[in-house]
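Protein sequence lines, in the order shown, are assigned to chains A and B.
Using this note's numbering, the first residue of the first sequence is number 1, and each one after it goes up by one.
Using this note's numbering, the first residue of the second sequence is number 1001, and each one after it goes up by one.
You may find that some hints are simply not true.
Okay, derived cross-link-like pairs now, DSSO-like style, lysine-lysine, Cα gap no bigger than 30 Å in a straight line [to be verified]:
hint, chain 1, residue 1, chain 2, residue 2
1, A, Lys57, B, Lys1103
2, B, Lys1106, A, Lys57
3, A, Lys1, B, Lys1091
4, B, Lys1103, B, Lys1091
5, B, Lys1106, B, Lys1054
6, B, Lys1091, B, Lys1106
7, B, Lys1054, B, Lys1103
8, A, Lys57, A, Lys13
9, A, Lys57, B, Lys1091
10, B, Lys1091, B, Lys1054
11, A, Lys1, B, Lys1054
12, A, Lys13, B, Lys1103
13, A, Lys57, A, Lys1
Note that these hints are calculated values from the structure, not bench results.
None of the values given here were measured: they were computed from a predicted structure.
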Amino acid sequence: KAGVTQTPRYLIKTRGQQVTLSCSPISGHRSVSWYQQTPGQGLQFLFEYFSETQRNKGNFPGRFSGRQFSNSRSEMNVSTLELGDSALYLCASSWRLVIDEQFFGPGTRLTVL
Amino acid sequence: GIQVEQSPPDLILQEGANSTLRCNFSDSVNNLQWFHQNPWGQLINLFYIPSGTKQNGRLSATTVATERYSLLYISSSQTTDSGVYFCAVAKSGAGSYQLTFGKGTKLSVIP
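So that you can see chain B by itself, here it is in the shape it has in the complex (with noise of 0.2 Å):
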């Protein structure tokens, strides 16, 4: 199955920093989602972006699909974007019905 791996695994931010996270996977893939889980546990979603670029407020988010990575920036960052930041990748075909997750990156902003 697909690899997922992102980095860093921990991130500690002053607020009004800017950060980036990463997220490669092994394999050409058509769904890549970013979600953060928040302090109760749900999923929000943040991007879906297979490829490109999208921007989101703050939050901005690249798919460079031909060379399997996708980045996930967030600006001026607040303390309530503390939290753990997911990367999910699906390949369509047969048999495939599954997101795939990575370990995620524990981000904390201290005021």
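Extracted from the complex, chain A is given alone in its bound form (with noise of 0.2 Å):
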């Protein structure tokens, strides 16, 4: 069974740009999740998405915003980029609750310049 894949691995944006990110979850895995981490902050919650609905957002600016399709694949993107954006995203995947078991993917290192 494939894990859970994220792309792109690397990103390099400069500040005001804006990016999507991707995450792919494991076969017949409905929730995913996603959270940002930075040395300074740690590992943060930035949102949960179910059947293509948000059930859970985390303490972030509107800048960031998720969505999911029908397949369970899901999106986030950042606008405006802020230098303080640069962090590694994670997206992890569970099948339905998070009392689940969660699977992390390999992340998105963006580095805003």
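From these two lone chains plus the hints, build me the complex, please.
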């Protein structure tokens, strides 16, 4: 069974640009969550999707958005990039609930110059 | 929200030594997972252990849910065990759709 995949793996952008990251969950998993990891703040929850609906959103500005497609694949978008958005973005998938075992992808490392 | 504290924050071991990492959490939980973050950043699943004891090779974990802590044991450590170990928890209930992570324990195993 293939694991969680994320594309692209690395990304370099400049301030003011926007970026879209993609996540494909494990086959059969319907919940996809996104996390941001930075040295200063650790791992922080961005949002979670199930059956194309956002069920929860973390404490991030509206520049961070996401969506989920009918095949459970998810994308997150960051508009008007700031230097502080440089981070490792991790996607996790699970069967249905947060109390189900979560599996993480390899991450997308975003650098904003 | 739930608070998660991991200790120690840093640990340096000689190859072959044993270690115990601790995770304390502030509320009852329905999901507790241990992860190892590899040098490339991926979180590798070690244990899904909301309660009880599990073993996988040189690694084992115990969660005492009633006392709100979990322990990860690493025996006969190897240099490949180096990295950051995270504990993450979640609680079921309305609006509860996220894992809460501790700050991690950075393990360095030296030859």
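Do the hints match the structure? See the list:
Annotation: proposed proximity of Lys57 of chain A to Lys1103 of chain B holds, straight-line Cα distance about 21 Å (limit 30 Å). Taking the CA atoms of Lys1106 of chain B and Lys57 of chain A, the gap is about 29 Å. The hint holds against a cut of 30 Å. Between the alpha carbons of Lys1 of chain A and Lys1091 of chain B the distance comes to roughly 28 Å, so the proposed pair stays at or under 30 Å and holds. Restraint check for Lys1103 of chain B and Lys1091 of chain B: the C-alpha separation of about 18 Å stays at or below 30 Å, so the hint holds.
Between Lys1106 of chain B and Lys1054 of chain B the alpha-carbon distance is near 22 Å, which keeps this suggested pair within the 30 Å criterion. Of the pairs offered as hints, the one joining Lys1091 of chain B and Lys1106 of chain B holds, with about 26 Å between alpha carbons and a cut-off of 30 Å not exceeded. The hinted pair formed by Lys1054 of chain B and Lys1103 of chain B meets the criterion: a straight-line CA distance of about 23 Å does not exceed 30 Å. Proposed proximity of Lys57 of chain A and Lys13 of chain A is supported: the alpha carbons are some 24 Å apart, at most 30 Å.
For the hint pairing Lys57 of chain A with Lys1091 of chain B, the CA-to-CA distance comes to about 16 Å; that is within 30 Å, so the pair holds. Taken as a hint, the Lys1091 of chain B and Lys1054 of chain B pair is honoured in the structure, with Cα atoms around 20 Å apart against an allowance of 30 Å. Restraint check: the Cα-Cα separation between Lys1 of chain A and Lys1054 of chain B comes to about 23 Å, which is no more than 30 Å; the hinted pair holds. For a cut-off of 30 Å, the pair hint linking Lys13 of chain A to Lys1103 of chain B stands: about 28 Å separates their Cα positions.
Straight-line distance between C-alpha atoms of Lys57 of chain A and Lys1 of chain A comes to about 29 Å, which keeps the hinted pair within the 30 Å bound.
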